[in-house]
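Sequence lines, in order, name chains A and B. Per my numbering: the first sequence = residues 504 to 1028. Per my numbering: the second sequence = residues 87 to 474.
Hints were generated in silico from the structure; no laboratory data involved. Note that the structure is predicted; figures quoted are calculated from it, not measured. All residues carry an ideal CB built from backbone N, CA and C; glycine is no exception. Treat the hints with caution; some may be incorrect.
Claimed, not checked - Computed spacing ranges between beta-carbons, pair by pair:
1) A:GLY1021 / B:THR296: 55 to 63 Å
2) B:LYS206 / A:ILE781: 47 to 55 Å
3) A:LYS717 / B:PHE126: 39 to 47 Å
4) B:GLU470 / A:ILE927: 21 to 29 Å
5) A:ASN678 / B:LEU356: 57 to 65 Å
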Amino acid sequence: MILNIDPGIVDWSRAQFALTAIYHWLFVPLTLGLSFLVAIMETIYVKTGDPEWKRITKFWMTLFGINFAIGIATGIILEFEFGTNWSNYSWFVGDIFGAPLAIEAIMAFFLESTFIAVMFFGWNKVSKKFHLASSWLTAIGANLSALWILVANAWMQYPVGMKFNPETARNEMQNFWDVLFSPVAVYKFLHTISSGYVTAAIFILGISAWFLLKKRETGMARKSILVAAIFGLIMSLFLAFTGDGSGYTIAQYQPMKLAAMEGLYKGQKANGLVLFGIPQPGKKAGDGKNNFVLKVEIPGLLSLMGYRNVDAFVPGIEDILYGGYKPEFQNVPPAEKEIAFSVSEKIVRGKLALTAFGDFKKAQKAGDEIAAVKADSTMKANFAYFGYGYLQSPEEAVPNVVLTFYSFRTMLILGFYFILLFIIVLYFHSKNQLQDKRWLLWIMLWTIPLVYLAGQAGWIVAEIGRQPWVIQDLLPTRAAVSMIETTSVQITFWLFAVLFTALLIAELMIMTRQIKLGPKDGGTK
Amino acid sequence: MMFESLSLLTLQQYWWLIISLLGALLVFLMFVQGGQTLIFQLGKTETEKKILVNSLGRKWEFTFTTLVTFGGAFFASFPLFYSTSFGGAYWVWIAILFCFIIQAISYEFRSKPNNFLGQKTYEIFLFINGALGTILIGAAVSTFFTGSQFSIHKENLAELANPVISQWQGPAHGLEAILNWHNIALGLAVFFLARILGTLYFMNTIDEKTILGRAKKQLLVNTVPFLVFFLGYVIALILTKGFAVDPASGTVSMEDYKYLHNLLAMPVVLILFLAGVVLVLWGIILPLWKFEKSASKGIWFAGIGTILTVFSLFLLAGFNNTAYYPSTFDLQSSLTIMNSSSSHYTLTAMSYVSLLVPFVLAYIWYAWRSINRKKIDAAEMETEEHTY
């Protein structure tokens, strides 16, 4: 007996996963960056022997600890939700996807959790050098865990190094190094961790600004600002660089995502990059409406950034839907090297692959070798479009354009704003005028929520922009879910929502109190 | 070149050994959970409670990380279990997850000023994690012997309307597991064992007479129900039918006294099991018998005993042609280490990663020793700057 999948289950499963991921990403970026900043501060302490630096280190370390715990709590849920809510996914790609998760635990989590204990409890028990090493190892552990989970995420966006095995009905890994060093993985890792570094730098900047505004702990605040602003400036420039690299990989491997990011329906040669714009509300592919109410564009820039060629043709949403253009990149399936297929054509081929897979299974059961070989070859010939077979209409291949468009602009504009802010802060700091520029101190403080907004916006681009795919071209979200009642997931969604929100409130209350209390004097002993 | 040359079956067995070992370590490390359920019973004053919480607070992350590693390693090595069990027995796993979310923040938040929910709430969170977490994990592992209701049809992938391969065949989605008395018995056995290990851990790390006196009493009080549930479960297991696999065809069938047969067919497992049980008992008896001299040694005997016992139970479930995650709905859907594993390539790659484990254990040992040279007492709670 096969019951049809309720479309509600797909939406609610996505909502639950998104909820967990959004909460997780409220805590993780700070952990990634603050761990290094604390280690840097402690290094200054060990090098100079100045007890003031020990006091500063301990203050930021306390905030690090409060934030760290809740990142763990949300992280474990994400790991297990792959199984609880995406059971079909877990089998279809578990042979590739499980490995980085396990490696993350073995390589990174133990490192992190072992040495964080030394960081917090070891001050009076281990040597200065061993303590310092522990702080660095905690930071390395945290960032290594980011590496493995981002490799896993990148593989979903650009599946490489594997082959579908119809016997086992899953994809099987062929080359671990292709998975680890795929260009998407490299850029995703670097871009994401550097966003964490910028988050932590702005967090320190903002809180230190608050101390300067209150005229408390001004020595600590000025020292912290210097470290954070230098670190932040370097990392925000690196963030821009890796962001550019990410854009280049998206153009190659996820052209639909790029089109959605730009709200681009009809592509052209020497395509411009929209700097600001208001997309047309209610615009649908093929309805002939103008796609923007208004826009400010830099000519040729999108072609240059996406294709490293000012004259390159950038396909828009309608181009990808209806096909018929010559792809610039030759990483497409052989049949599309000259002229790209329409999505309808891909759906036809996807259904061929799916049916052939079913025929293969039947033939195997019946012991019909010849039919099995035939079905297998049909399936292989069309496997590149396997996931399209599940789509119910070509339009389903288009993600939420407006949300992706605005999220991308939010991230991009804020990213450049952060660079500017670090430069201005460093300038006034060098002139020793920072404490007099109250307007700037307020801006620094209120940039804290903005850096979180930028991080969330980035993930919305990455994850909403790749819909409907959970594995690019091979498995849409609708085919990845677990077969559970929608009401069950609705209940757990709200349970998680209430619990996470309560914990977030607790975290914010504790954090703000600890900040107000300021550094303990214990460090000066 | 070492793992590449091994057969797929050997790799599958190697990974079942690792999963079993991780499961065994996890149960041992649940002394943290057991200890959390004793905070109110052993700690009557604020200082005493603080000592207890802080003694556990330096170890809880290892239990947590081991749980995450257990999940990750299971996913990487036997993904069909991951998709079938987690996606099917939804409510049991979600309940377990809830127990662990509330643990993760409780230590850090408990004694911090302005913590929104209040100290008592975080202590109750720790209690819930300790009680419900152990019982549910025990019950979930028991289904390795008692079975669950699910079907697996890989050809479903071609069904556009419902391509889900693993489907649970009961509306309770895992909650039915706790209606089976076998599963409950193992859950309670794990719960009381965790409490025993908790008391022994306190005896090893805390230097406060009043707490230790109460711990000694709790050790005795928890041993009785532990023995009842554990021995009851094991005796029933030996006498019951099990899920046998024909190695040539992969067909699963019911076999009388299957787990007894497994013990006799694998004498090493039998010896490990018996040695484990004896060590656990010795770890309990030692502090009761010579408290002054040996109380702090109990955890080592009982801990190693726990690891050996749980390890051998996992081997009993998966080795000697046994289905480790049986389906009572459709016997042929049952999971075996052969039909649910990752590919030869992935198991090989992961086997290289597993070589890191001794290194990980070594640095954990080194780091622990460096911060735990001295037992915890009331004075340290006064002077230590970072306490929970």
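Cross-check of the supplied hints:
1. The beta-carbon spacing between A:GLY1021 and B:THR296, approximately 36 Å, falls outside the hinted interval of 55 to 63 Å.
2. A beta carbon spacing of about 52 Å between B:LYS206 and A:ILE781 agrees with the range 47 to 55 Å that was offered as a hint.
3. Take A:LYS717 and B:PHE126: their Cβ atoms lie about 41 Å apart, and the range 39 to 47 Å holds.
4. Checked against the hint of 21 to 29 Å, the C-beta distance between B:GLU470 and A:ILE927 comes to roughly 42 Å, which is inconsistent with it.
5. Taken as a hint, the range 57 to 65 Å is violated for the pair A:ASN678 and B:LEU356, whose Cβ atoms sit roughly 42 Å apart.
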